[in-house]
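2 protein chains.
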Amino acid sequence: MYDCAIIGGGPAGVSAALNLKLLGKNFIWLSTHAVSHKAALAEKIKNYPGLPDVSGDGLVRALLSHAQAMGINPVEKFVSGVYDTDGSFTLTAGNDNYEARTVILCAGVQSSAGIEGEEGFVGRGVSYCATCDGFLYKGKTIAVLCTDKSFEHEAEYLCDLAGKAYVMPLYADYKIISPNAEVILKKPSRLSGGMRLEKVWFKDDSVSVDGMFILRGALAPSTLVRGLETDGAHVVVDRACRTNIAGIFAAGDCTGRPYQYAKSVGEGNVAAHSVVQFLAENK
Amino acid sequence: MYDCAIIGGGPAGVSAALNLKLLGKNFIWLSTHAVSHKAALAEKIKNYPGLPDVSGDGLVRALLSHAQAMGINPVEKFVSGVYDTDGSFTLTAGNDNYEARTVILCAGVQSSAGIEGEEGFVGRGVSYCATCDGFLYKGKTIAVLCTDKSFEHEAEYLCDLAGKAYVMPLYADYKIISPNAEVILKKPSRLSGGMRLEKVWFKDDSVSVDGMFILRGALAPSTLVRGLETDGAHVVVDRACRTNIAGIFAAGDCTGRPYQYAKSVGEGNVAAHSVVQFLAENK
Numbered sequence: 003m004y005d006c007a008i009i010g011g012g013p014a015g016v017s018a019a020l021n022l023k024l025l026g027k028n029f030i031w032l033s034t035h036a037v038s039h040k041a042a043l044a045e046k047i048k049n050y051p052g053l054p055d056v057s058g059d060g061l062v063r064a065l066l067s068h069a070q071a072m073g074i075n076p077v078e079k080f081v082s083g084v085y086d087t088d089g090s091f092t093l094t095a096g097n098d099n100y101e102a103r104t105v106i107l108c109a110g111v112q113s114s115a116g117i118e119g120e121e122g123f124v125g126r127g128v129s130y131c132a133t134c135d136g137f138l139y140k141g142k143t144i145a146v147l148c149t150d151k152s153f154e155h156e157a158e159y160l161c162d163l164a165g166k167a168y169v170m171p172l173y174a175d176y177k178i179i180s181p182n183a184e185v186i187l188k189k190p191s192r193l194s195g196g197m198r199l200e201k202v203w204f205k206d207d208s209v210s211v212d213g214m215f216i217l218r219g220a221l222a223p224s225t226l227v228r229g230l231e232t233d234g235a236h237v238v239v240d241r242a243c244r245t246n247i248a249g250i251f252a253a254g255d256c257t258g259r260p261y262q263y264a265k266s267v268g269e270g271n272v273a274a275h276s277v278v279q280f281l282a283e284n285k
Numbered sequence: 003m004y005d006c007a008i009i010g011g012g013p014a015g016v017s018a019a020l021n022l023k024l025l026g027k028n029f030i031w032l033s034t035h036a037v038s039h040k041a042a043l044a045e046k047i048k049n050y051p052g053l054p055d056v057s058g059d060g061l062v063r064a065l066l067s068h069a070q071a072m073g074i075n076p077v078e079k080f081v082s083g084v085y086d087t088d089g090s091f092t093l094t095a096g097n098d099n100y101e102a103r104t105v106i107l108c109a110g111v112q113s114s115a116g117i118e119g120e121e122g123f124v125g126r127g128v129s130y131c132a133t134c135d136g137f138l139y140k141g142k143t144i145a146v147l148c149t150d151k152s153f154e155h156e157a158e159y160l161c162d163l164a165g166k167a168y169v170m171p172l173y174a175d176y177k178i179i180s181p182n183a184e185v186i187l188k189k190p191s192r193l194s195g196g197m198r199l200e201k202v203w204f205k206d207d208s209v210s211v212d213g214m215f216i217l218r219g220a221l222a223p224s225t226l227v228r229g230l231e232t233d234g235a236h237v238v239v240d241r242a243c244r245t246n247i248a249g250i251f252a253a254g255d256c257t258g259r260p261y262q263y264a265k266s267v268g269e270g271n272v273a274a275h276s277v278v279q280f281l282a283e284n285k
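From first to last, the protein sequence lines stand for chains B and Y. Quick note: the first sequence uses my numbering, first residue 3, plus one each step. Quick note: the second sequence uses my numbering, first residue 3, plus one each step.
Chain B on its own, in the form it takes in the complex:
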């Protein structure tokens, strides 16, 4: 049982991890990528105090090397669910489960909103994890929504497993080479089916599928944690970074604008301190 599980490898996650480490807590830090992919893309960051004119990549390297110097590294996992289990939380990530007394959500904000109908088919045709669920669709027909080039190797893996794969890359310079792949340059608008997912709809037409993989950085917070209070795409938190669920905290872009590195590291720090206070009060 960990004291805390941090979900997200961006600036908020790094800051939370540094502080939990310094505060002597036993935690696991889970991130889809080894480090924030989004931050690394920024060309020039002029307002991260103390690191003038740093590139996105430079900031990410500075944050990671700070964490590594303190012996902390994120574990590369895609967390697909957080479940309240009687005073603690169970996180599912691929075939692994993690138990933690508290959770800090800092997986960023989704640039792509969920698809209409998506939530209803999670576990019934909709999957977020190629390596966890890919084998279920061997030889079958699947859709693969690839939100970012960094997921392309997972898309390729799924194409090779499937009999046929409709791949929808949401970026320009895609390179899908699997002979099983058919690239569709449209964004899915709706999912439909009965007990299981059957069709992926675009504006006017649809494709029939046995399953769909949605490859993106993180789930919408409301999908990840049932019962979490959100306001649009954002998790509602108070000034101590507490959510409406006791023991679950949130920090960084997922809590709302401004989407700023300084705000993220500040909230990661605050959330870590709130976790320590919560643990002391709930022994």
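There could be a bad hint or two in this list.
[Claimed, not checked] Restricting the straight-line Cα-Cα distance to at most 20 Å, the calculated cross-link-like pairs of lysine to any residue (SDA-like) are:
| # | chain 1 | residue 1 | chain 2 | residue 2 |
| --- | --- | --- | --- | --- |
| 1 | Y | 48 | B | 24 |
| 2 | B | 23 | Y | 57 |
| 3 | Y | 48 | B | 64 |
| 4 | Y | 46 | B | 260 |
| 5 | Y | 27 | B | 23 |
| 6 | Y | 285 | Y | 236 |
| 7 | Y | 188 | Y | 204 |
| 8 | Y | 151 | Y | 136 |
| 9 | B | 177 | B | 192 |
| 10 | B | 205 | B | 192 |
| 11 | B | 27 | Y | 260 |
[Unchecked claim] Away from chain Y, derived, C-beta distances all over 10 Å, residues of chain B:
| # | residue |
| --- | --- |
| 12 | 45 |
| 13 | 119 |
| 14 | 133 |
| 15 | 142 |
| 16 | 149 |
| 17 | 155 |
| 18 | 181 |
| 19 | 187 |
| 20 | 204 |
| 21 | 224 |
| 22 | 240 |
| 23 | 257 |
| 24 | 264 |
| 25 | 285 |
Derived from the structure by calculation, the hints contain no laboratory data. Keep in mind that this is a model prediction, so the values were computed, not measured. Using N, Cα and C, we set each Cβ at its ideal position, and we do this for glycine too.
Could you slot chain Y onto chain B? The hints should help.
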């Protein structure tokens, strides 16, 4: 008329200034010291993400040089009052006044609480500014509360002006050399008088004075801004760093715990963004 006046030269103030500059606003940045004296005293800061194992002095230098590289420098002034003047604010600092449409308070939290009776004698014997009011007490008897060694040159200046000065240093390695000075190693507990300040009390005894200078980094927020909602020593703010007074924002230690550099720069960033939004909505 400035778009904004930032009060405080610590990490929150630097972050607010960087962002207002980048956002193209016309602002003045006022600070008692050229740079946060408190931050510079920290031996080792391990949780400012991206600057591992930085000294307090090193962090302060990094923050200042970041600001300077962007052409921003704090103006060394002690702000003694913020007054609401019909849709904008007037700040008094020594003999100068500044007009601004918005204010960001980030002058830190007072380690020393106010003295009983202090608020009632402001302008009637109690002063916070040696260079502004010192000449009023030429040849007279004054008390000088010196909270920090960095104010010692102001204390010396006052001693030389006065006929007699009771100096109370709140630190160990004081060095008061003026022949007019009598050092008292007790902390004043209460101020009393009629229309003007007459006595400075310690636990059991008192000294009679014509005036008293209280030399510390900043006023308590409730003294600085009348009508500001506070909770103990802290300014009450929402997640956008808005106070109860429209147009006044607060960031950093003054808004409450945890007292952390990362939190301060995060809030300075948020407050600057909130100022820009406020200016757009209140043209």
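Determine which of the earlier numbered hints do not hold for this structure and return their numbers in increasing order. 4, 5, 6, 9, 22, 23, 24
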